[in-house]
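**Student:** Protein chains in written order, with the working numbering: chain A, 0 to 494; chain B, 26 to 489.
Among the clues, some could well be false.
Cut-off 25 Å, straight-line C-alpha distance, at most; resulting in silico cross-link-like pairs (SDA-like, lysine to any residue) [as the list claims (entries may be wrong)]:
id : chain 1 : residue 1 : chain 2 : residue 2
1  : A       : 113       : B       : 384
2  : A       : 113       : A       : 164
3  : A       : 307       : A       : 436
4  : A       : 113       : B       : 447
5  : A       : 448       : A       : 368
6  : A       : 171       : B       : 368
7  : A       : 171       : B       : 369
Just so you know, these hints were derived from the structure itself, not from any lab. Only a predicted model underlies this, so the values are computations on that prediction, with no experimental measurement involved.
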Amino acid sequence: MTPDFPILSVLIFLPLAASLLLVALRPSQALARGFALAAALAELVLAALPFFSSRLPAAYPGAPAGFFLFEDLPWIERFGIRYTLGMDGISQIMVLLTSFITVVAVLISWRQIKERTPLYYALLLALECTIQGVFLSLDLFLFYLFFEAMLIPIVFLSGIWGNGRPVYSAIKFFLYTFVGSLLMLVSIVTLYLMHGTQTGSYTFALPALVQTSVPYGLALWLFAGFLVAFAVKIPLFPLHSWQPDAYADAPIAGTLLLASLLSKTGAYGLIRFAFPLFPEAARAFTPVLYLAAVFVISFGAWIAFAQKDMKRLVAYSSLSHMGFIALGIAAWSPLALSGALLQMVNHAVTTGALFVVVGMLDERSDNRELAAYGGIWGKVPALSFFFLFFCMASAGLPGLNNFVGEFLVLVGAFKVAPVAALGAFLGIVLTLVYTVRLVQEVLFVKEQKPLELKDLTMREAGVLAVLALVAVYLGVHPTPVLDLFKAPIALLVSR
Amino acid sequence: MIIPDLHTMMPIIITGLGALVVLLCGPLLLSGTTTSIAVVTAAAAGLWAVFTAPSAAPAVAGLTFTPLAQFLIPLFCAAALLTLLLSHGYNENRAIKGEEYPATVLFALFALCVLPCASNLLILFLAIESVSFAFYILVTMDLQRAESGEAGLKYLLMGAVAAAFTAFGFALIFAGSGTLALSGAVAHAGNRAIVAAGWGVVIMGMAFKLSLVPAHLWTPDVYQGAPAPVAAFLSTSSKVAAASLLLMLLAFSPPMPELRIPLVLLSLLSMVVGNLAALRQQNIKRMLAYSSVAHMGYLTLALLTGTRDGYAALLLYGTIYTAMNLAAFGAIASLSLEQERDQITDYAGLGFSAPLRGGVLALAMLALAGLPPTGGFIGKFFIFYSAIRGGETALAIIGILSAAVSSFFYLKVVAQLYMHRSSDPAPRAASAADAAALCCAAAFILVLGVFPAPLIQLVDAALQ
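Based on the sequences and whatever the hints tell you, model everything.
**Tutor:** What follows is the structure, encoded as structure tokens:
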């Protein structure tokens with residue numbers, strides 16, 4: 000691949016172009032989903048390309064250290080706003096993850112979405128565009144633009160095709176994230192102005208802004224602005240209350256994207272922007288983050304146990320698992336950070352898969368009550384197998400992916416904050432409790448009312464099998480992925 | 026006056042002549058023809074202004090074709106043009122017939138074109154009052170509806186008070202500085218108090234025109250009563266005109282620290298009260314009226330910084346706001362052809378049954394809420410950027426939070442459009458004129474959201 004080929008821009012705008020085509024042409028249902036799948040697969044191939052290309056940083060003059068793909072164009076010159084994209088190991092994995100999960104999202108919507116299909120897939124692809132933009136932007140203005148623009152497609156997706164109280168949940172989600180992001184905007188502008196007065200060059204470029212010296216007191220405020228924006232997305236206590244509603248009421252692909260990708264944009268933002276920009280303030284906030292993380296791990300698990308609705312149960316379990324990622328970030332040591340990053344991928348795969356399985360059950364029987372199920376093990380063996388598999392993966396069974404991620408986070412955190420690590424460890428016990436309950440009530444206890452269930456179709460089995468293979472692969476051989484993080488993490492931690 | 030001067034003043038002359046031609050020849054022509062003539066007139070005036078070089082020397086006593094005029098005249102012409110396109114079908118449906126309507130729109134445009142050219146307080150006053158005068162007539166144009174007349178009367182009474190304030194203020198500034206020339210309206214040491222008082226009274230008058238809190242009370246009633254295309258024109262051009270009047274006064278005179286407190290209060294109250302009051306509205310026009318109060322608060326925030334950045338943000342936001350509100354009211358007008366759609370709930374499901382107009386309305390709402398990638402985001406960004414840079418951080422944060430509140434009521438409309446169902450039959454298809462006007466406004470909103478750089482250059486040139 001030559002440096003002239005703008006692969007990063009294509010990664011961002013290919014889904015958008017496909018999305019616009021879908022809106023403009025409004026093809027039939029079958030054509031729309033076929034086209035969406037083709038676009039999503041093309042994006043996946045494109046996202047995999049950097050793995051096979053030679054990495055010569057010298058090919059990209061002006062690229063910051065660690066970034067092996069880089070694009071930089073003037074955009075709004077009067078304010079020093081540039082269109083700057085860059086890819087290092089972290090963004091590479093995130094971009095690949097995004098394209099992979101989008102393919103899954105397209106596939107699991109196959110039968111479920113029956114009306115306004117072209118618009119549905121158009122929104123799905125538009126969302127992919129904005130998420131890729133978040134993971135690739137190195138200009139804070141551009142990043143903010145993508146971070147905010149994510150809201151539009153996801154709100155439409157959950158509001159139009161959701162169930163339960165979709166409009167209420169969609170608006171609640173929108174308001175939480177919108178307000179959070181606006182506080183980040185104030186921080187960004189303030190930082191930009193400070194940098195401008197200090198150096199005379201007004202720029203939103205991340206590598207330049209990292210050099211700004213911010214007085215400690217102000218840095219605390221600015222960091223808080225970033226933290227609120229990202230904590231809403233992750234979501235961390237006490238900014239999480241939109242999450243169970245939004246997860247429960249969104250269509251299944253919407254939930255998958257919210258849980259697997261949108262929550263990761265928050266964690267990614269903390270790692271890429273908030274911590275490097277204000278290292279001292281971040282250190283000051285670390286105890287708060289520990290507290291929030293440990294609380295979310297235990298509290299999420301506790302509430303998950305009390306749920307009667309399967310999707311809500313998985314939503315709270317997702318909340319709980321995100322706590323580990325927050326814990327790893329807060330510890331900010333190479334070990335914990337690589338655990339957190341690996342866990343970001345793991346969480347996307349396993350929690351995403353759990354939502355997919357629950358969605359498949361819901362699609363079959365139109366019921367998400369735990370009490371309505373039971374004894375499906377004998378009836379639908381393939382579906383039950385994957386259900387059990389992903390429950391085990393999510394609970395952290397050794398040999399599967401979550402185990403590695405959580406282990407790294409716990410070991411990494413234990414070195415710097417033993418108390419927090421211990422608290423998180425106790426949270427794992429609670430995780431086991433609700434997982435066992437979920438497995439038992441859905442798969443094994445005697446059913447109250449016989450349900451007519453069909454087993455997996457080829458398409459569904461294929462999707463779940465791929466997700467399961469990824470989970471196994473990351474569980475037994477995570478080294479290639481961890482290797483990708485090494486260099487960027489070393490750069491991040493050395494600041 | 027010599028030939029080159031005539032040349033530079035042509036936009037004013039074109040609109041004036043066009044208005045007269047439409048009014049005088051109207052009875053002899055078909056109603057469609059008068060609208061066409063008016064559209065051509067507006068387009069011609071706008072294009073003429075675009076291709077004429079601005080100059081510092083007055084062309085006629087009291088009138089100079091400044092860079093600011095070169096920026097604002099095409100903007101006003103575009104707004105008038107879109108209004109004319111949008112109102113054609115709307116008016117025919119409501120039996121608003123005859124040449125008065127296009128002629129009055131052109132008269133308003135004529136006064137709007139004079140305003141940025143004024144280099145003298147008297148002309149400035151005449152221009153802004155002629156704008157208002159044309160709008161008093163436009164608001165009452167729908168004779169079939171009692172509301173329309175009531176709205177016109179309210180607007181006229183409030184407007185008369187505002188005019189009195191403005192005139193009194195100008196008189197005080199004249200008394201203090203001894204000249205009517207805009208560039209000479211500088212306070213002398215001995216008369217500073219008089220000039221400052223004059224300023225205060227002028228700001229009060231402009232607060233009425235801009236519907237800033239506490240002088241905003243007429244706004245919801247007038248927007249609700251006026252025909253929707255008129256509300257579109259009123260909420261954009263007359264506001265931008267009033268804001269640019271303040272801009273011209275402030276830009277020409279040395280800094281007046283006394284003005285900061287009143288402007289801060291007007292801006293703060295407008296942002297907070299406007300957005301909070303809009304939250305409670307069920308009627309979409311009233312909601313947009315209160316939202317416009319809030320948006321004028323943002324404009325005032327940019328104005329009170331007193332910096333080049335602030336003035337640039339004001340012009341930028343004024344332009345984007347014009348596109349957003351024309352799109353919003355235009356879509357409302359076009360969707361209200363066979364039945365009035367006043368309540369927000371009347372828009373249920375229209376995103377699907379009328380995709381173009383529903384889509385434009387949704388886009389306008391997202392833009393007004395300030396979401397990327399729309400122009401509304403860029404506009405708000407530069408307003409708050411200039412405020413933080415100008416040292417008004419606290420006010421900017423309050424403004425940002427109130428803008429966050431506002432996203433709720435804009436989103437309510439979007440939710441109605443796409444997330445609620447309605448059993449009503451689909452509305453009649455949009456006319457070609459409506460569709461063209463709405464597409465123009467929507468394209469403008471989107472293009473500015475992604476490529477604002479050319480407009481920023483134009484704004485910078487306008488402030489030379």
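**Student:** Now tell me, hint by hint, if it's right for this structure.
**Tutor:** Hints versus structure:
Under the criterion of a C-alpha separation no larger than 25 Å, the hint pairing residue 113 of chain A with residue 384 of chain B is consistent with the structure, at around 21 Å. Using a Cα cut-off of 25 Å, the hinted pair residue 113 of chain A and residue 164 of chain A holds, with the two alpha carbons roughly 19 Å apart. Proximity of residue 307 of chain A to residue 436 of chain A is assessed by CA-CA distance (about 11 Å); at most 25 Å being required, the pair is judged to hold. For the suggested pair residue 113 of chain A and residue 447 of chain B, the alpha carbons sit about 19 Å apart, so the restraint of at most 25 Å is met.
A distance of roughly 12 Å separates the Cα atoms of residue 448 of chain A and residue 368 of chain A; the hinted pair therefore holds under the 25 Å criterion. Between residue 171 of chain A and residue 368 of chain B the CA atoms are separated by roughly 22 Å; this keeps the pair inside 25 Å, and the hint holds. The suggested pairing of residue 171 of chain A with residue 369 of chain B holds, with an alpha-carbon distance near 19 Å, which does not exceed 25 Å.
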